[in-house]
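Novice: Sequence:
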Amino acid sequence: VRMSNTCMGPGDMSLEELFEDVKEGIYLKGTRGGEVDVAKGTFQFGAQEAFLIENGELTRPLRDVALMGSILETLGNVDGIGKDFTLASPGFCGKGQTVPVGDGGPHVRFHDAVVGGG
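Anchor point for the sequence shown: position 29 equals 23 in the working numbering, and the numbering is continuous, going up by one each time.
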């Protein structure tokens, strides 16, 4: 038995408001898949698109960017949630079984994230 979906509910900030206080950060958009280690409480997801944020503005695209870290620490570092809410087309999770899964939700801003590249 596995969870098929995890979603965060919408907040009250516009995308512009989420960006405006960011001196230096990274905007991740979409997912190329990922994994969760429930025993360790960690996760890793690759982004379809990524952009550098400087002084509240998207400045340039980045390549091969992934977000990783402790699930609970990352959720504890959320400091802004967008009022938008979208769901992506459903897909499937492998792991030796084919389980239908979905993803989506609002834009979420958090600090002190571990972002890497390949």
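Don't read these hints as lab results, they were simulated from the structure.
Heads up, some of the hints might be wrong.
[Claimed, not checked] Distance windows between CB atoms, simulated:
| no. | residue 1 | residue 2 | range |
| --- | --- | --- | --- |
| 1 | L9 | V109 | 17 to 27 Å |
| 2 | V95 | K17 | 34 to 44 Å |
| 3 | Q91 | E51 | 40 to 50 Å |
| 4 | A33 | L9 | 16 to 26 Å |
| 5 | V93 | N49 | 40 to 50 Å |
[Unchecked claim] Here are the computed lysine to aspartate or glutamate pairs in the DMTMM-like style, where the Cα-Cα straight-line distance is at most 20 Å:
| no. | residue 1 | residue 2 |
| --- | --- | --- |
| 6 | K77 | E14 |
| 7 | K23 | D73 |
| 8 | K34 | D6 |
| 9 | K23 | D97 |
| 10 | K17 | E51 |
| 11 | K34 | E67 |
| 12 | K77 | D97 |
| 13 | K23 | E51 |
| 14 | K77 | E10 |
| 15 | K77 | D58 |
| 16 | K77 | D6 |
| 17 | K77 | E29 |
| 18 | K34 | E10 |
| 19 | K23 | D106 |
| 20 | K17 | D106 |
| 21 | K17 | D73 |
| 22 | K77 | D31 |
| 23 | K17 | D31 |
| 24 | K23 | E48 |
| 25 | K23 | E11 |
| 26 | K17 | D97 |
The beta carbon of each residue, even a glycine, is placed where N, CA and C say it ideally should be.
Novice: Each hint should be assessed against the structure and marked as holding or not.
Specialist: Going down the list of hints, with the structure as the test:
1. Checked against the hint of 17 to 27 Å, the C-beta distance between L9 and V109 comes to roughly 19 Å, which is consistent with it.
2. The hinted range of 34 to 44 Å is satisfied by V95 and K17, whose Cβ atoms lie roughly 35 Å apart.
3. Roughly 44 Å separates the CB atoms of Q91 and E51, a value that falls within the hinted 40 to 50 Å.
4. The given range of 16 to 26 Å is broken by A33 and L9, whose C-beta atoms sit roughly 35 Å from each other.
5. Taking the beta carbon of each, V93 and N49 are about 42 Å apart, inside 40 to 50 Å as hinted.
6. Between K77 and E14 the CA atoms are separated by roughly 15 Å; this keeps the pair inside 20 Å, and the hint holds.
7. In summary, the hint linking K23 to D73 is supported, as the alpha carbons are separated by about 18 Å, within the 20 Å threshold.
8. Proposed proximity of K34 and D6 is contradicted: the alpha carbons are some 32 Å apart, above 20 Å.
9. The suggested pairing of K23 with D97 holds, with an alpha-carbon distance near 12 Å, which does not exceed 20 Å.
10. Between K17 and E51 the CA atoms are separated by roughly 9 Å; this keeps the pair inside 20 Å, and the hint holds.
11. Simply put, K34 and E67 have alpha-carbon atoms about 12 Å apart, close enough for the 20 Å limit, and the pair holds.
12. For the hint pairing K77 with D97, the CA-to-CA distance comes to about 17 Å; that is within 20 Å, so the pair holds.
13. Between K23 and E51, the direct Cα distance comes to roughly 15 Å. Compliance with the 20 Å bound is thereby established for this hinted pair.
14. For the suggested pair K77 and E10, the alpha carbons sit about 11 Å apart, so the restraint of at most 20 Å is met.
15. A distance of roughly 28 Å separates the Cα atoms of K77 and D58; the hinted pair therefore is violated under the 20 Å criterion.
16. Between the alpha carbons of K77 and D6 the distance comes to roughly 5 Å, so the proposed pair stays at or under 20 Å and holds.
17. Taking the CA atoms of K77 and E29, the gap is about 26 Å. The hint is violated against a cut of 20 Å.
18. Proposed proximity of K34 and E10 is contradicted: the alpha carbons are some 35 Å apart, above 20 Å.
19. Pair hint K23 plus D106 holds up; C-alpha atoms about 18 Å apart against a cutoff of 20 Å.
20. Between K17 and D106 the alpha-carbon distance is near 13 Å, which keeps this suggested pair within the 20 Å criterion.
21. Annotation: proposed proximity of K17 to D73 holds, straight-line Cα distance about 14 Å (limit 20 Å).
22. For a cut-off of 20 Å, the pair hint linking K77 to D31 is broken: about 29 Å separates their Cα positions.
23. Between K17 and D31 the CA atoms are separated by roughly 32 Å; this puts the pair beyond 20 Å, and the hint is violated.
24. For the hint pairing K23 with E48, the CA-to-CA distance comes to about 17 Å; that is within 20 Å, so the pair holds.
25. Distance restraint check for K23 and E11: the Cα-Cα separation of roughly 17 Å lies within the 20 Å cut-off, and the hinted pair is therefore satisfied.
26. For the suggested pair K17 and D97, the alpha carbons sit about 28 Å apart, so the restraint of at most 20 Å is broken.
Taken one by one, the earlier hints fail for this structure at numbers 4, 8, 15, 17, 18, 22, 23, 26, listed in ascending order.
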